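Trainee: Protein chains in written order, with my numbering: chain A, 1 to 117; chain B, 118 to 231.
Since the hints were derived computationally from the structure, they do not count as laboratory data. Careful, some of the hints might be misleading.
Unchecked claim - The following label-pair restraints were derived from C-beta to C-beta distances:
id : chain 1 : residue 1 : chain 2 : residue 2 : range
1  : B       : Glu177    : A       : Phe28     : 35 to 45 Å
2  : A       : Glu59     : B       : Thr122    : 18 to 28 Å
3  : B       : Ser124    : A       : Ser5      : 30 to 40 Å
4  : A       : Gly16     : B       : Asn230    : 44 to 54 Å
As the list claims (entries may be wrong) - Listed next, the in silico BS3-like pairs over lysine-lysine satisfying Cα-Cα at most 30 Å (straight line):
id : chain 1 : residue 1 : chain 2 : residue 2
5  : A       : Lys41     : B       : Lys180
6  : A       : Lys41     : B       : Lys185
7  : A       : Lys66     : B       : Lys196
8  : A       : Lys66     : B       : Lys180
9  : A       : Lys66     : B       : Lys159
10 : A       : Lys55     : A       : Lys14
11 : A       : Lys41     : B       : Lys174
12 : B       : Lys223    : B       : Lys196
13 : A       : Lys20     : B       : Lys159
14 : A       : Lys14     : B       : Lys186
15 : B       : Lys186    : B       : Lys176
16 : A       : Lys55     : B       : Lys186
17 : B       : Lys223    : A       : Lys64
18 : B       : Lys176    : A       : Lys41
19 : A       : Lys20     : B       : Lys223
20 : B       : Lys223    : A       : Lys41
21 : B       : Lys186    : A       : Lys41
22 : B       : Lys223    : B       : Lys180
23 : A       : Lys20     : A       : Lys66
24 : A       : Lys41     : B       : Lys196
25 : A       : Lys64     : B       : Lys174
Predicted model, so just to flag it, every value in this text is computed and none were measured. Heads up, the beta-carbon is just placed ideally off N, CA and C, and yes, glycines get one too.
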Amino acid sequence: GAVVSQHPSWVICKSGTSVKIECRSLDFQATTMFWYRQFPKQSLMLMATSNEGSKATYEQGVEKDKFLINHASLTLSTLTVTSAHPEDSSFYICSASQGQATLETQYFGPGTRLLVL
Amino acid sequence: EDQVTQSPEALRLQEGESSSLNCSYTVSGLRGLFWYRQDPGKGPEFLFTLYSAGEEKEKERLKATLTKKESFLHITAPKPEDSATYLCAVQAISSGGSNYKLTFGKGTLLTVNP
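Bound conformation, chain A alone (with noise of 0.2 Å):
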């Protein structure tokens, strides 16, 4: 149980290009997903929480404006990086969870490794 996946799993793209990404829990209704970004040998960081039919709350120093959440059903929520710069080249890492996530498991999906080119 509380399988959460990612799609795609990596993504080479031009700069100025826009890229989304996918996350899925398959076996659960995810009330709140969260979105990290992990640079080599660092750990995660926040980058927004989202919850289903409400906006994303962003962590500070993350743009809302590039960075764009949607959480439309309990089971998906997608991050688009707008005119994406080779600074944004990471492993994007989306978790869910259950319940009203204050004592909740965060289950994690595989990670979308993006590279911009």
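Using the hints, position chain B against chain A.
Mentor: Frame of chain A; chain B shown alone:
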């Protein structure tokens, strides 16, 4: 600001050589401490959640313990397949009102040689 520090950064063990990983934390109020395992190029895999000092949890060769300032992940008689990065994260009450944010440490890279 919540902080999580893991040590050592890297640890090499021989198969069967038991050891412990440390996670020190500073938070305004701890809701839960989480241990995850991360293999290269993959997302973190959930291992344990600890909620209060004195709590212990076990899973196969792993045992996690919690005090008011740190957590230990004990690995007994490790095998090569235990090689991975082990991440510690805290869920704390923050002044900003985000009650479910996880703050991660940088992890400990464990290598178990056969």
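Trainee: Would you mind marking each hint as holding or not holding in the structure?
Mentor: How the hints compare with the structure:
{"no.": "1", "hint": "B:Glu177 <-> A:Phe28: 35 to 45 Å", "verdict": "24 Å, violated"}
{"no.": "2", "hint": "A:Glu59 <-> B:Thr122: 18 to 28 Å", "verdict": "20 Å, holds"}
{"no.": "3", "hint": "B:Ser124 <-> A:Ser5: 30 to 40 Å", "verdict": "33 Å, holds"}
{"no.": "4", "hint": "A:Gly16 <-> B:Asn230: 44 to 54 Å", "verdict": "46 Å, holds"}
{"no.": "5", "hint": "A:Lys41 <-> B:Lys180", "verdict": "25 Å, holds"}
{"no.": "6", "hint": "A:Lys41 <-> B:Lys185", "verdict": "28 Å, holds"}
{"no.": "7", "hint": "A:Lys66 <-> B:Lys196", "verdict": "43 Å, violated"}
{"no.": "8", "hint": "A:Lys66 <-> B:Lys180", "verdict": "41 Å, violated"}
{"no.": "9", "hint": "A:Lys66 <-> B:Lys159", "verdict": "24 Å, holds"}
{"no.": "10", "hint": "A:Lys55 <-> A:Lys14", "verdict": "28 Å, holds"}
{"no.": "11", "hint": "A:Lys41 <-> B:Lys174", "verdict": "28 Å, holds"}
{"no.": "12", "hint": "B:Lys223 <-> B:Lys196", "verdict": "23 Å, holds"}
{"no.": "13", "hint": "A:Lys20 <-> B:Lys159", "verdict": "19 Å, holds"}
{"no.": "14", "hint": "A:Lys14 <-> B:Lys186", "verdict": "46 Å, violated"}
{"no.": "15", "hint": "B:Lys186 <-> B:Lys176", "verdict": "22 Å, holds"}
{"no.": "16", "hint": "A:Lys55 <-> B:Lys186", "verdict": "35 Å, violated"}
{"no.": "17", "hint": "B:Lys223 <-> A:Lys64", "verdict": "25 Å, holds"}
{"no.": "18", "hint": "B:Lys176 <-> A:Lys41", "verdict": "26 Å, holds"}
{"no.": "19", "hint": "A:Lys20 <-> B:Lys223", "verdict": "27 Å, holds"}
{"no.": "20", "hint": "B:Lys223 <-> A:Lys41", "verdict": "8 Å, holds"}
{"no.": "21", "hint": "B:Lys186 <-> A:Lys41", "verdict": "25 Å, holds"}
{"no.": "22", "hint": "B:Lys223 <-> B:Lys180", "verdict": "20 Å, holds"}
{"no.": "23", "hint": "A:Lys20 <-> A:Lys66", "verdict": "12 Å, holds"}
{"no.": "24", "hint": "A:Lys41 <-> B:Lys196", "verdict": "23 Å, holds"}
{"no.": "25", "hint": "A:Lys64 <-> B:Lys174", "verdict": "39 Å, violated"}
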